[in-house]
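Here's the letter readout for the chains.
2 protein chains.
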Amino acid sequence: MAAWGERLAGVRGVLLDISGVLYDGGEGGGAPIAGSVEAVARLKRSRLKVRFCTNESQKSRGRLVALLRQLGYDISEGEVTAPAPAACRILRERGLRPHLLVHDGVRSEFAQVDTSNPNCVVIADAGESFSYQNMNKAFQVLMELDNPVLISLGRGRYYKETSALMLDVGAYMKALEYACGIEAEVVGKPSPEFFESALQQMGVEAHQAVMIGDDIVGDVGGAQRCGMRALQVRTGKFRFVHMGDP
Amino acid sequence: MAAWGERLAGVRGVLLDISGVLYDGGEGGGAPIAGSVEAVARLKRSRLKVRFCTNESQKSRGRLVALLRQLGYDISEGEVTAPAPAACRILRERGLRPHLLVHDGVRSEFAQVDTSNPNCVVIADAGESFSYQNMNKAFQVLMELDNPVLISLGRGRYYKETSALMLDVGAYMKALEYACGIEAEVVGKPSPEFFESALQQMGVEAHQAVMIGDDIVGDVGGAQRCGMRALQVRTGKFRFVHMGDP
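Those sequence lines, one after another, are chains E and G.
Numbered per this note's numbering, the first sequence finishes at 246, counting up by one with no gaps.
Numbered per this note's numbering, the second sequence finishes at 246, counting up by one with no gaps.
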């Protein structure tokens, strides 16, 4: 294995995943991962550019940043690349009016989007809102469309909260894909467009950037396919035995 | 297209799907499909053997048969091949203790099964019980196992109730498969073992039997792979445009 200095030669920017890297969510807002508050502070004092690149889709960026600041992180809303705002841009560009299957905590991100007479479905990490009734409604909306469009904010299999592993949006995306015989469009990691917009917002080229995350598919694989370097942390959802990543 | 007489030459037994062929479920127990009560009566007066081969997994066979008799069908519990009893046999044979993610209406079928300290998960068409909490619990049980076993009672994408199309167990099976990186074992149509047990119960060879159903994959494809003939009705979930059957 090459030495750290060599592996990180020429790096000008660092993209940090949030859940499982900075903190584990959960009861009472979750808990910071040991050493991460200091690590962010040191990165920000360095000459490196720093950006937070998350698939968090239960909370608006405002809520997420407020929570992280409360936990001690030096972070502001403008430093966060998250899937909900990216999805809103796509919806506007393509004239799509979504039926939203999302958590109430992220609904405010879609306040400016026309949701009347829906011609697509957007799903995010809806948590408890992934009821049978809500899933069935999303399914029925898709089945009524001539050209069903399903947009999924991320495709994660699961994430780690302080108490346990939790099912992520990817599982429900697969359920709707199968039921409707369609393929979802993923907004968020590992989509190349998403990484590219984060790089652009940071003003750094792919070969000058490193992504740090806990998801071997969403973070590491996705970043590498964009020409970035990537590091997988051994916190968050990291498990020593991988059960066949899809 | 060959004439009916020719296509059905040598047929000695008829396997009938129930949901979408005999009746559509729904509010107040559902409604018979026009002509089906009489068709069953005529079949039973003929020299053909008749068996009902269903993936119904929301209701016990007892409840299902009581409902169908109320709707006017000549049917008894001993004539029904259903996935829950087949799953119970498999669980016993393999010493599996399931965590059950099933509808309360079918739980009685598992009354004799040891569910302590689970070493597998069984999912059925749980309907409203497909809450996030229940799905997450099933996911967590699987992730704790060294050799996760997921048994799914059918793999249907959706079925038709009187009011609308409804998500079926297959969608949730896919969700758990993806989240855990595993492949489910399907008990029910289109599993060959399931059709074979129905044929055996009827005392008819595959080449002497015809399956009548509304599902192109579960009924028609499954039966044909077992060497049976099959007919797809244009009731139930049948749609003129198929959106890419998986």
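To be clear, the hints were calculated from the coordinates, so they are not data collected in a lab.
Here a beta-carbon is modelled for each residue, glycine too, at the ideal position from N, C-alpha and C.
There could be a bad hint or two in this list.
[To be verified] So the derived label-pair ranges between C-beta atoms look like this:
#1 E6(E) to V113(G): 54 to 60 Å
#2 L8(G) to S116(E): 25 to 31 Å
#3 S108(G) to P192(E): 39 to 45 Å
#4 F238(E) to L8(G): 56 to 62 Å
#5 R225(E) to G62(G): 34 to 40 Å
#6 G62(G) to L71(E): 28 to 34 Å
#7 F238(E) to Q201(G): 47 to 53 Å
#8 R63(G) to R234(E): 32 to 38 Å
#9 D74(G) to F238(E): 55 to 61 Å
#10 D104(G) to G203(E): 53 to 59 Å
Taking the numbered hints from earlier one at a time, note which ones the structure violates and give those numbers from smallest to largest. Hints 2, 3, 5, 6, 8 contradicted; others consistent.
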